[in-house]
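Student: For the record, the sequence lines run as chains A and B.
Going by this note's numbering, the letters in the first sequence line up with residues 10 to 429, in that order.
Going by this note's numbering, the letters in the second sequence line up with residues 1433 to 1549, in that order.
Think of the hints as simulated: they come from the structure by calculation, not from any bench.
Ideal Cβ positions, reconstructed from N, Cα and C, are used throughout, including at glycine.
Hints are not guaranteed to be accurate.
Simulated crosslink set (DSS-like; lysine-lysine; CA at most 25 Å straight-line) [to be verified]:
#1 A:K408 <-> B:K1500
#2 A:K164 <-> B:K1505
#3 A:K376 <-> B:K1486
#4 A:K368 <-> B:K1500
#5 B:K1462 <-> A:K188
#6 B:K1486 <-> A:K188
#7 A:K394 <-> B:K1462
#8 A:K66 <-> B:K1486
So these bits of chain A aren't anywhere near chain B, every CB distance computed over 10 Å [what the hints assert, rightly or not]:
#9 N58
#10 E68
#11 R141
#12 E157
#13 R181
#14 K332
#15 E401
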Amino acid sequence: MKQKDLLIIGGGSAGLAAAVSAYDAGVRDILIVEKGPFLGGILNQCVHNGFGLHEFKEELTGPEFFSRLVDEVKERHIEYVLNSFVTDLTKDKVVSYTNREDGFVQVKAKAIIMSAGCYERNAGAIGIPGDRPAGVITAGQAQLYMNEYGYLVGKRVFILGSGDIGLIMARRMSLEGAKVLGVAELMPYSNGLNRNIVQCLEDYNIPLYLSHTVSRVYGKSHLEKIEISKVDDHMQPIPGTEMTFECDTLMLSIGLIPYNNLLNHIGLPTSRSRGAWVNEHMETKLDGLFSCGNVLHVHDLADNVVEEAKVAGKAAAQYLDGKLPRHEELIKVEPGDGVGYTVPCEIDLANAEAVVPIKFRVRKPSKDVYLEFKFNGETIRRIYKQTIIPSEMEITPLKKELFTSNTGLLTVSLVQKEAK
Amino acid sequence: MEKEYDLICIMCPNGCRLHVDKDLNVTGNKCLRGVNYGKAEVTHPTRIVTSTVKIDSHELAVCPVKTKDPIPKEKIFDIMAEINKISLKCPVHIGDVVIQNVCGTGSDIVATREILQ
C-alpha cells in the first residue's frame, strides 16, 4: 500500500489552496486526488468574472482564478492525479481511488483533507408534478455543457430557483441567443447574490417571480411547456394563479449540498450545514482528518473557500508535526434564533489562534438587527446590521480573549433592534 | 442628474446598496470601486463581457474569453456577435488577445485560460 503524509480529496479551489498552505507550512509528501480531467474543480466552468478581489486584489474570471492556484501547486511540484475517483475512506485513513492508468489504488495517509465540493439538488429532490420529459436540467450541468463542451442546451428557457448558478446561466444563455422567459423562486426573496439579480436578470429584462414555483411539467418526449403558480405561506401552489410558458428547457437552481458522503459513511458527526462537524482548525472528530470548502458548507465566494482551505492546510501540517493536540476542555458553538448553522461547531481554545472567525448564515432576510454572540449566557459581542440575507455568508472574527473559559457554549443569534 | 438612484453595486459580490444623489454623490459603498460604479451606472453604464470561443483543442470544445476592460452596456450583443464569428488554434495563453479593439470600444477580447493542445 502507498503511504502519504497528506492526501487531499478534491483538486478544486479548496484542495489546491490547502495543498499550497500545507506545503508552505513544511509538508512535502502530498497527493491531490482529483475526479475531473483538470485541476480547478467547478471553476473550470465558471467563465464569468467576479472572483479574486479578496485573494488576489483584482477581478478575475473563474479560469484565471484557478489557474493562479494551479500555478502555485505546480511551482511547488505538489503531486496530483486526475480522472481519479475516490471510492472509500476508512477510519484508519486508508483512501481508495480508481483511474484508468493505475486501476485500483489504496493509500495510507497520515493526514487527510476532505475538499470534494458540493453537488446540485436535482429534479428528483423536489418531485414536480406532471410528465418526465427530457429538457429538465440543473443549472450547473447546463453550465458545463455550455462553457466546456460548447453546447447551448435550449432556446427557450425557464429557470426554477434563484440560486447564483441559475442567475449566471440566465445571462450566459441570453448572451448566446436563448430566450430566458423568467425565474421562479419559491421564497419571497431571492437566494442569489444581489449583484447577480442586477447584472444577470435586470440587464436582460428577465422577470423574477418571487413566491412562485413550477406546479406542472408538460411534454411527451421533450419538454413542451411548464406551468407556474404563486404559493401561499405554507409554500403550496394557490389554485387560480397559474401561468404557462412554452419552453424547451427547465433549468433548476435549487440549492447545493455538501458532497460529504465519504465522511458520513464512516459515521463522522455532521453539522447543520450538512458538512462535517469541525473545530476551529477545520479538523473533524477523527484525528488528522480535516474538511474545508463547499464539502464543509456551501460558500458564495471562492475567495472565502481559499481562506478556509489555507486554515485546513496549515492545521494538517501542525497535526503532522504533532502540534495539534486534542484537549478535553472545549467550547461548543451552536446556532441560536434566526441562524441556520455555524462553522466551526467547536473551539479548542488552547489551540486557537488570536482570532477565531465564526461563519454562519441567517435563516431569512432581516432588517435592523443585531448579531448577538453569547458565551455561557453572557453577551460577548454584538454587531448591528442594517440588512442581512441568507444568500450572503457572514464571517465574524472573535478575539480569543473574549472567552473567559475554555469550556462552555457559544451561541450566535439574530436579535431584532427594538424601536426607540 | 434629474433624479436620485438606489443601486446595488456589482463590482464585487458584497453587493453594496448604493445611493446616488442628483450631484452624483455616492453613499453606501464600502470601497472606492462603489463610487466609480455608482457614477458610471447612472451616466454611462459599462460591463465586463465573458464568453467562450471555439478552439481546436482535444481537451475542450471552447476557450473562455473576456473583454479586457468594461465596455458600454449597449454594445454587449454586438460584441457577442463578433466573439461568435471567430475560432482559435492551440496553444492559447491567459491574456492572449483574440480580438483587438472589439466593436471600436477600445477594449480587446482576451483569453482567460491556457489551452496548450
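Student: So, for every hint listed, does it hold in this structure?
Tutor: Hint check results:
no., hint, verdict
1, A:K408 <-> B:K1500, "violated, 41 Å"
2, A:K164 <-> B:K1505, "holds, 23 Å"
3, A:K376 <-> B:K1486, "violated, 47 Å"
4, A:K368 <-> B:K1500, "violated, 34 Å"
5, B:K1462 <-> A:K188, "violated, 35 Å"
6, B:K1486 <-> A:K188, "holds, 22 Å"
7, A:K394 <-> B:K1462, "holds, 14 Å"
8, A:K66 <-> B:K1486, "violated, 30 Å"
9, N58, "violated, 5 Å"
10, E68, "violated, 7 Å"
11, R141, "holds, 29 Å"
12, E157, "violated, 6 Å"
13, R181, "violated, 8 Å"
14, K332, "holds, 35 Å"
15, E401, "violated, 7 Å"
Checked against the numbered hints given earlier, this structure breaks hints 1, 3, 4, 5, 8, 9, 10, 12, 13, 15; the rest are met.
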